[in-house]
Amino acid sequence: MDTAEPTFFDTNPKAGVVGQPLNRVDGRDKVTGKAKYSAEFNQLPGLVHAVLKTSDVAKGRITGFDTSAAMKQPGVLAILTHQNLPKLAKTPNDAEGKKAIGAPMGFLPLTTDQIHYAGQPVAIVVADTLERAQYAAALLKVQVAAEKPIASYEDPQAKLFDPTKVQDGKAPAHVVRGNAQAAFAAAPVQLTHTYTHAINHHNPMEPGATTAHWEAPDRLTIYDATQGVTRTQKAVSTMLGLSAEQVRVVTKYLGGGFGCKGSSWPHTILTVQAAKAVGRPVKLSLTRPQMFTGMGHREDQTQTLKMGATRDGKLTALIHEKTSTTSPWDNYAESNSKIINMLYACENFEASYQLARANVMTSTFTRAPGEAPGSFALESSLDDLAYQLGIDPLEIRLRNYAEKDPGTGQAWSSKSLKECYARGAELFGWSKRNPKAGATRDGRLLVGWGMATASYPVHNSQGTARARLYADGHAVVQAGATDLGTGTYTVMTQVAADALFLPVDKVRFELGDTKLPTAPNSGGSVAAGTVSSSVYMAAQDVWQKLIKVAVLDKKSPLYRAKAADVEVKQGRLQLKNNPQKGEDFAAIMKRAEMADIEGNGQGRYGSGYEDAQAAANADPAKKDQAADHSMHSFGAHFCEVKVDPDLGTVRVTRWVSVHGAGRILNAKTARSQIIGGSIFGIGAALMEGTVRDQNYSRYTNASLADYHIPVNADIPEMTVEFIDEKDPHINAMGVKGIGEISMVGVSAAVANAVFHATGKRVRSLPITPDKVLATKPVQA
Amino acid sequence: MSTFSSPDTPEGQPVRPEDGTRRSFMKQAGGLLGLALAPPFVGPAERLAAYSKTVEGVTSLQLKINGTVRSIQAEPRVTLLDALREYLDLTGTKKGCDHGQCGACTVHVDGRRINSCLTLAVMQQGKEITTIEGLAQGDALHPMQEAFLKHDGFQCGYCTPGQIMSGVACVKEGHAGSDDQTREWMSGNLCRCGAYPNIVAAVREVAGKA
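First to last, the sequence lines map onto chains A and B.
Residues in the first sequence are numbered consecutively from 1, following my numbering.
Residues in the second sequence are numbered consecutively from 1, following my numbering.
Don't read these hints as lab results, they were simulated from the structure.
These numbers were taken from a predicted model, which means no experiment stands behind them.
Incorrect hints may appear among the rest.
As the list claims (entries may be wrong) - Calculated pairs, DSS-like style, for lysine-lysine (alpha carbon to alpha carbon, straight line, at most 27 Å):
(1) A/Lys34 - B/Lys172
(2) A/Lys668 - A/Lys34
(3) A/Lys36 - B/Lys64
(4) A/Lys36 - B/Lys150
(5) B/Lys127 - A/Lys34
(6) B/Lys150 - A/Lys668
(7) A/Lys14 - B/Lys150
(8) A/Lys34 - B/Lys150
(9) A/Lys506 - B/Lys150
(10) B/Lys209 - A/Lys668
Unchecked claim - Just a few of them, taken from the derived set where beta-carbon distance is under 7 Å, the chain B residues facing chain A:
(11) Glu75
(12) Asp82
(13) Glu86
(14) Thr91
(15) Gly92
(16) Gln101
(17) Ala104
(18) Glu133
(19) Gln145
(20) Met186
(21) Arg192
(22) Gly194
(23) Pro197
Unchecked claim - With beta-carbon atoms standing in for the labels, derived distance ranges:
(24) B/Val69 - A/Lys34: 20 to 26 Å
(25) A/Asp113 - B/Thr68: 48 to 54 Å
(26) B/Asp180 - A/Pro45: 47 to 53 Å
(27) B/Gly208 - A/His174: 56 to 62 Å
(28) B/Asp180 - A/Ala439: 24 to 30 Å
From the three backbone atoms N, C-alpha and C, an ideal C-beta is built for every residue, glycine too.
Just need the whole structure built from these sequences, with the hints factored in.
Listed below in structure tokens is the structure:
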């Protein structure tokens, strides 16, 4: 029988550098400009430039191209269209191909004459310089027979349908628990409210970019701006009909992702095809406007939430309906209802989804997909309930506190939400809040305080890592993970340093290459927990191998000891029951003439970890105890806004976030991540929205001048804390991950603060001045 | 007026990419490739061309970057940003929007911060251009770089060179007198990771020492 795997809690009861606020190990490269992003591998021999020509119309058929002017331009090497691009082994255009490729889109541009969305690539122009490629693309004429497109689910031509599954097939589209309809009908307090959410675009500062280099006719290296090198490798190799090992994908630095780089999008394979066609390495960067149609978005959506409650504010029924726009080929909708199902104790729940196909690029996971907009509806309605019943918004959340997961009935693996509420309230000064809305002023500005709960699940994930320990006391540790800027380089260096008992500067952590052991996509907050556990397990493998060397070495004090009786403390191998007997790892390696020793480890995260640990546990009684937990991070956001009553402008003036998210690997980078997620959420709450023209189905504000993301002057000083939380059920490190939870509940906290300031409930994101002015105050 | 024909394509012979085999492509592109790899050489004619009122086609441009004069062969429509990134391999300066909307391409020209995507390289000849690569003195980082490291003024790092160049200028301009003033004068540099409070902390620290 297997034995349960070692854990960081056991081997490193006192963490060394893990958790410490270390500066980023890759920081120096980033502040000096040395860090190389995917469009910056200029040394490739004969590198040339590609640009995409995209469609101006959203629906139609390409009837021809006039390439004459474009091709006369000096330096133009190729104009590739669906007419002359070689056929791929597989495309995502059919269900089987889409599944095999793992594509986010069931349609690949430049495979047919059909135009399905505005901004769809219709040609790739390759030239020796960027300027020449851009100019030739401008001269290229595309003849199109345009048709009237469908622009959204609100289009009169749109047909709504019930999908069986949403979020790329990952979540069921209809969930029923208890009898929500009957419970709602019987509820003494009933609230029915509709919430709308604008289209949001991720807009990482680094645009999508691919540099493709065919090193041989059957061997390809791609430098790709992706959150997962393995996913890109799978997609590209499958489409080309190559084996995975013939395609190497490298992402050393990634300029943000937020979900939009979590899939392999059309521009990547098109760049690869262009490189094949011209026989030279080709570089392609999406333009900023192309970022609005090239890598997905958060979909336009309407949610209706019916909330039934008792007069003392206890929830009895939640009924959630969501309607949103999807593309002509995919059934993508964020699963908003997941968080509504689990956040508060409520016995009756029902959720359903409706989609409409429109001539739009497919939507995709955007930071906290589902949880962010879902919590906006839930937390706004709960705030309404609190005001209606005269209960403090924090108190009503405590009254509905879920002691176990209402959705599954499972116990929580850990939950520090009460501590988050208490600490957040203390830091914010919540007890001083005036319970009356619209009653606090700072000069002529209205002041409002709001709060909301945050939560995000620990998904199931696994990955591998390799650790090589050198006798001279340094180590190289590797995993094919990516660092979106979240700090993967840094925190994995810290984990490896502790697990191998080395100083941080003696550890080099490498990532972002399919030649390294496979790690999961950095998305859904899985990277920190999975990769840190993989690194930790690889280090344990190193020690196990060294113990074997020691017990077989006649000159070792550990000669003929049982491997199970040997432990490793601070790099010293010693007997558990007689610690004097032992020696340093370097001594063992030196005697054995080993320059280095390598270990491999598999890290598991989420239910897969708990199941495996439980199965390996010899004690059947303990097995039941260990398994079957619901795993989530929890937190609370507190927000102060000041609203100009005449102009309707809203400014966030104070912010406090407190989270319980398992072990925090680096206090400094974690704080930055929470601040960043909160700012991302403040953007969605107050200013972000892409406007799609309902006649032409084109975006009208596809630029950073017109799509407003928060700027420095929009953001106040922010306070972030973490609750010290030990969770042994989720993975060997006890790490939950914080990428998504940082923005869950943020828009509701802002909206609730706006309500407190003005007495106006704005249920449409973003909360722009026109909406604030047009909304009538709720009569108390 | 001087007109330069393209170095890689004979006049009047459009490239025909569709039937381009690898061999025929290499023949077309060899000229440019050769040129790109050749040591910078500026003849009197090119020097004259670079400063004449009308410039067309590929021209020799001289740019003084981080204290060193560098020559490139580029068309007059090449932006300073693309000259840095694509012709000089100074990729520390980033392209986030190419329209002066994000600030990722911020560099100093004669001591002032500008968006390098909004100016042509040909216009910046004879001026002192400083990029992120020229900020440190050897191994010693500029205080603003140190402050960004210490205060974690970034996550992904893509806006960072622009933020740092802007931060240095912001202090020098006297626009970092208070946090509110810093926020305002640093608002031309977008950061999607949301490092703003940490950026303000970094600028505050350097301004306090200045």
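Original post:
Should the hint that B/Gly92 touches chain A count as held when the rule is a Cβ pair under 7 Å?
Top reply: With a minimum Cβ separation of about 2 Å from chain A (threshold 7 Å), the hint on B/Gly92 holds.
Subject >> Given hint B/Thr91 near chain A, where the shortest CB pair must fall under 7 Å >> reply: Nearest chain A Cβ about 4 Å off; hint holds.
**OP:** Go ahead and decide if the range 24 to 30 Å is satisfied by the Cβ distance of B/Asp180 to A/Ala439.
**Re:** The hinted range 24 to 30 Å holds for B/Asp180 and A/Ala439, with Cβ atoms some 27 Å apart.
Subject >> Proposed proximity, A/Lys34 with B/Lys127 (alpha carbon, max 27 Å) >> reply: holds, 24 Å
Original post:
Hint check: is the beta carbon of B/Pro197 less than 7 Å from a beta carbon of chain A?
Top reply: Hint holds; B/Pro197 Cβ to chain A Cβ min 5 Å, cut 7 Å.
**OP:** Classify the hint on B/Asp82 as holds or violated, based on whether any CB of chain A lies nearer than 7 Å to its CB.
**Re:** holds, 6 Å
**OP:** Take the C-alpha atoms of B/Lys150 and A/Lys668, compute the straight-line distance between them, and say whether it is at most 27 Å.
**Re:** Status holds; Cα separation ~10 Å.
Subject >> Interface hint compliance - B/Met186 to chain A, C-beta minimum distance less than 7 Å >> reply: Cβ of B/Met186 sits 5 Å from chain A, so the hint holds.
**OP:** Verify the interface restraint on B/Glu75: the C-beta must sit less than 7 Å from at least one C-beta of chain A.
**Re:** OK, holds: B/Glu75 within 7 Å of chain A, min 6 Å.
Original post:
Does the Cβ pair A/Asp113, B/Thr68 satisfy 48 to 54 Å?
Top reply: Roughly 51 Å apart at Cβ, these two residues keep to the hinted range, so it holds.
Subject >> Pair hint A/Lys34 and B/Lys150, alpha-carbon separation not exceeding 27 Å >> reply: holds, 18 Å
Subject >> B/Glu133 as an interface hint toward chain A, with CB separation required under 7 Å >> reply: Check passed: Cβ of B/Glu133 comes within 5 Å of chain A, closer than 7 Å.
Checked against the numbered hints above, the structure violates none of them.
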